[in-house]
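Participant: Residue numbers (this note's numbering), protein chains in the order written: chain A, 1 to 679; chain B, 1001 to 1612.
Read the hints as simulated data drawn from the structure, not as lab findings.
Please note that a few of the clues may not be correct.
[To be verified] Quick look at which bits of chain B chain A covers, simulated, 3 or more residues with Cβ under 8 angstroms:
#1 1252-1263
#2 1294-1302
#3 1324-1335
#4 1386-1396
We put the beta carbon where it would ideally sit given N, CA and C, even for glycine.
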Amino acid sequence: MEVVLQSLNIPLSVETVCVFTAPVFSAFAAWAAYLLTKEVKGTGAGLTAAVLLAMVPSYISRSVAGSYDNEAVAIFALIFTFYLYVKTLNTGSLFYATLNSIAYFYMVCSWGGYTFIINLIPMHVLLCIVTGRYSSRLYIAYAPLVVLGTLLAALVPVVGFNAVMTSEHFASFLVFIVIHVVALAYYIKGILSPKMFKVAATLVVSVGLVVGCAVIAVLVAVVASSPTKGWSGRSLSLLDPTYASKYIPIIASVSEHQPPTWPSYFMDLNVLAFLVPAGIIACFSPLSDASSFVILYLVMSVYFSGVMVRLMLVLAPAACIMSGIALSEAFDVFTRSIKFYITNLSESLQIDAGDAVPGNGVSPQNDVLKTDKKEDTLKERPSRKNKKKEKETIEKPSVKSKAEKKPLVLPVEASFFALFLTVLLGGFYVVHSVWAAAEAYSAPSIVLTSHSHDGLHVFDDFREAYAWLSHNTEVDDKVASWWDYGYQTTAMANRTVIVDNNTWNNTHIATVGTAMSSPEKAAWEIFNSLDVKYVLVVFGGLVGYPSDDINKFLWMVRIGGGVFPHIKEPDYLRDGQYRIDSQATPTMLNSLMYKLSYFRFVETDGGKGYDRVRRTEIGKKHFKLTHFEEVFTTHHWMVRIYKLKPQKNRIRGKTKKSKSKTSFTTTPRSGTTKKNPWH
Amino acid sequence: MSRFRFDLLLLLVLSLQLSPALSDLIISKLDRRIDLTSQIVRVTMTLKVENTGHDPVSEVSFTFPEHQANNLALLLAVSTEGKGKNRGAATNLPIGVKQPNDSPPSLVWYAASLPKELGKGESLNMDVLAVFTHSLRPFPEKITQAEPQLLLFQDSAHFTSPYNVKVQSLTVKLPSGNVESYTKLEKTKFSGSEIKYGPFENLPALSYSPVIIHFPSNKPFAIAKELVREIEISHWGNVQVTEHYSIIHGGAQSTGEFSRLDFQARPEVRGASAFRHLIAMLPPRAHSIYYRDAIGNISTSNIHSDSSKTLVEIEPRYPMFGGWKTSFTIGYGLPLHDYLFQSGGNRFLNITFGSPLFDVLVENLTLKVVLPEGSKDIYSSVPFPVKESQETKFSHLDIAGRPTIVIEKVNVVPEHNQYFQVHYKFSNISLLTEPLMLIFGFFALFVACIIYMHADLTISKSSSSYLAKLQWDEVQGTIQQLQDIINRCLLIHDKLEASLRELSRTGDVQACKAVRKSADSLLKDLSKELKPLLALLQSSPQAAHILPKVEDLVMKERDLQEKILLKHTTVVDSYERKSMSRDAENRVAAIQQKISALKQEVDDLLDFVEDI
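Build out the structure end to end from the sequences listed, making use of the hints.
Facilitator: Okay, here's the thing in structure tokens:
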């Protein structure tokens, strides 16, 4: 792509690509949502779903221009895989089945959430089999996906043999066996007479049970032999929401991995949350393979989003599809009743104009009545003299047949009103989405803003610190900070970090956590052994920025303590409470994190040291650093950078002597004497 | 210190060694003013040259010690004729380096050629401006945040002229009244913020008397190590200027801790040597100004603009202490008609050379002027010596690339901010190349799409799927026709019904009969048309699965037709007999019931067929 454009002399920088990847993929995702919903409920629902998905705040959070995240790509891949699955299910075409496996491969490449697909589709297949909806189309949709998909997935380096080894994938293989057994059963049923089939069935079932039990026993034994039951920590924390906080603090420490609150549902989905139930009902009438799949998708994603905020992202397309179906059904009914009313009106108007009989059908009655009237006017003409009796006899069946065909014809006023309300609802959704996109998700998380009485105030401290690091430190200096800032430091400050957002080695993170929770000297030793020159901490106490390192500190203690047992969480808690005021434990007050955060903080407000995040005065106010020195603090004190002091010189006495002679040297540091060329 | 001393020593030796004046010129009066108020040292000299010899002289030489000459950014000499009130017009004198063979080392000679030769006994007034960079040395070289920055300046109290000087004096202007120390000679006066040496009388050529001044100065020491200015001309009406700076605080190195607390509490004391912002003076009508660096927009900047200039106050992300570095980019657009002019067939760009930042020394300036694609006969004229080369820049939709003039210069001071010209030839038609390319590109794309849509790309015309597709198309066409016919039938039914209504209203039996007659004939035609279609459908294997429905539809429709005709006949009959028998009424009612049922079914079937 780039080569092509470059050859056309259209310069395309990496930044441009990064900025536009997410929006482009979100456009693809809307298109995929349209296709998927079209397969389920027709074009109207598809378009509505696509419109909703194009604006859903949850997905906007990952797909605004500049948010270069694999999740933006992954959601498109997810929806597209589902679309191809449903398409295969509807057509039974092997072509789409192959495409489906390729789309699945794409999803595996893009996101770890592919396990969602490889569990959801088998579930649906199983559901279809259990409810007696087995068909050859189902077989074509599923079998190639498992075989081809697994093979392709194993090609991805991160997945590799996990594609056949871990429990996340077992469900698909189990269902693969089941579907073959069922297919065989249907085949035999087809070629044998019913009687023979019964005999054969009993035979096969008894043998099959024995074999099946044996296989399952082996499987269970294999699975049970591994400590995590073959599940990866991530998946386990999904299945058991309390698992992560018990065993893997590093997963639980991420704010995105916390369970969401109700407001966050409303924030991310808005009116979709209310439309979803209606969509489910619409999917049940009539229930097809495709619509049952969508329902299953929705139910599963609702569960997962309940476990982790992050997975709200998976729920968003499902909610959009459901709401799209609901909205389009609603629109369908309303507009149909209105259209019905209008055609009747025009017809009766015609008649009335010719008839000159006033009040015979123009009266604004409700629609059902209208139908009667129309039928009246049409049929009573030929036999006008004694119409009454006749009318009744003629009318009834005709009304009935109408009612049978269009059971959902509402009164016209009601439908107008409901239409108005639905449009209003959609309007609210648009307004909310735009607001959310503008306020919550478009602003880069690295630049903070606050509105005060004298206008907008910008907190650009992070970039200030990173720019300082990149320009005023040596290129090969290493910077230690909590892993949240790892990527940013690497990218913006262009410095090597100890741990970053993709550090898989738990011990690395625990080492940094331990250093942060240790007293100054021990921390200095740890950092020095890691060849760290600078330590970066984020401190929000001065301006009230809540997600600073002091608030994350307990996680550092936990993660550090998980590997180095001499760090104990209770040492940092007073009566089970995390506090930094005068009641705080000495371990807490002597930890490096506390010291680096609050160094000389007390002097900012005249000796009180009031922390605006914790809303309390700090515990230890006046202290000096012996092993670290402050080299940079940003404008709002949000980022503080410290340098490790060099190791003490053993022949310090001698240098001191020589220094006393020098008149112009201003710092008591030994190195300066040599460098000064004036002497 | 050692190098410093060495220099002095050398010069002293030189002054002893050197033979008397090279020519018979003498300088009868020389006033020298050295301005130390900013990091750039500006020396202005007013001198009067007299020719005491016999030969006319065409050049006046100036000498500078080598260490000064290396830092000499600019040397300008202006000669004025006459005296006092009737001073003539000032003329800029061309200056060149002219090293005589017998020159002592570590002296650099500059020669200003006079506009006309100076005859015997004649005299000439000259103003000379010399601008030096890097001449102020911070001492101590490293200071902490709280200390003020002290600078050291060294020069000679006597101007090292190759000629004998009758009277000369030196005034040094300091940024403030404070001075740490200064060399005291016999005639030295310190008043206000000025140090005055001299007047000295009857000094021999190349006399030297070292002077060292040590004084505090917290003026910004902003040095742009590298500045790349790119000026891109678009003949659609814009001159885009992009300037990439990498700036360092060139003063005393900051050492030790940086405490934000101290800096915020008392910025005048704790952080006096730092500078927080720079001011750029952009031309008026500059628009789309941006200020950013590698990690995005820098939100701390202000713009004040009026009709004569646009002031941009740019604040680096962090206060700049000694030795701290930063880099950023400023960009702005200028209206083309203010800067591009036409003379004859030529066009020329007339724009300033240097950086718009106040008081910033640019060590390496690279100026790129990107001309539109298709420019020819390019040359530039810069009022001072520069290094020049050409390259080609490729941008959007370029074929041959845009010719670019690259001008490089070291040690650029604000005095260099003069206008320079780039001349080139450019035809207006080339302006349309890129839009036309776009138009043709899209046109070709659409044409290709149209061709693709109309082309039959099937490889094998006899493959079964292709044939099946053809057949299916045929079936669809047939069904379309069939549907048409049935719809027309239904229309006729409606007409019949309408005629019945008319009858009940007016009682005009004849009109009703006429309608009936035409309807009969029409229906007959339609049923005739229907037959071959049905036959075709029956013969086609593709239509097998929809055939029953279609046949059903046709049957039902025929049924409906019969019923309606029957009803029509009955009603018309009864009207003719002027009375409706009870029996007939019942019959009509029964028929009507069937008709509605049939209509319903036909509608349903039609819907189904339509879906195909």
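Participant: Report the numbers of all earlier hints that the structure fails to satisfy, in ascending order.
Facilitator: Structure breaks no hint.
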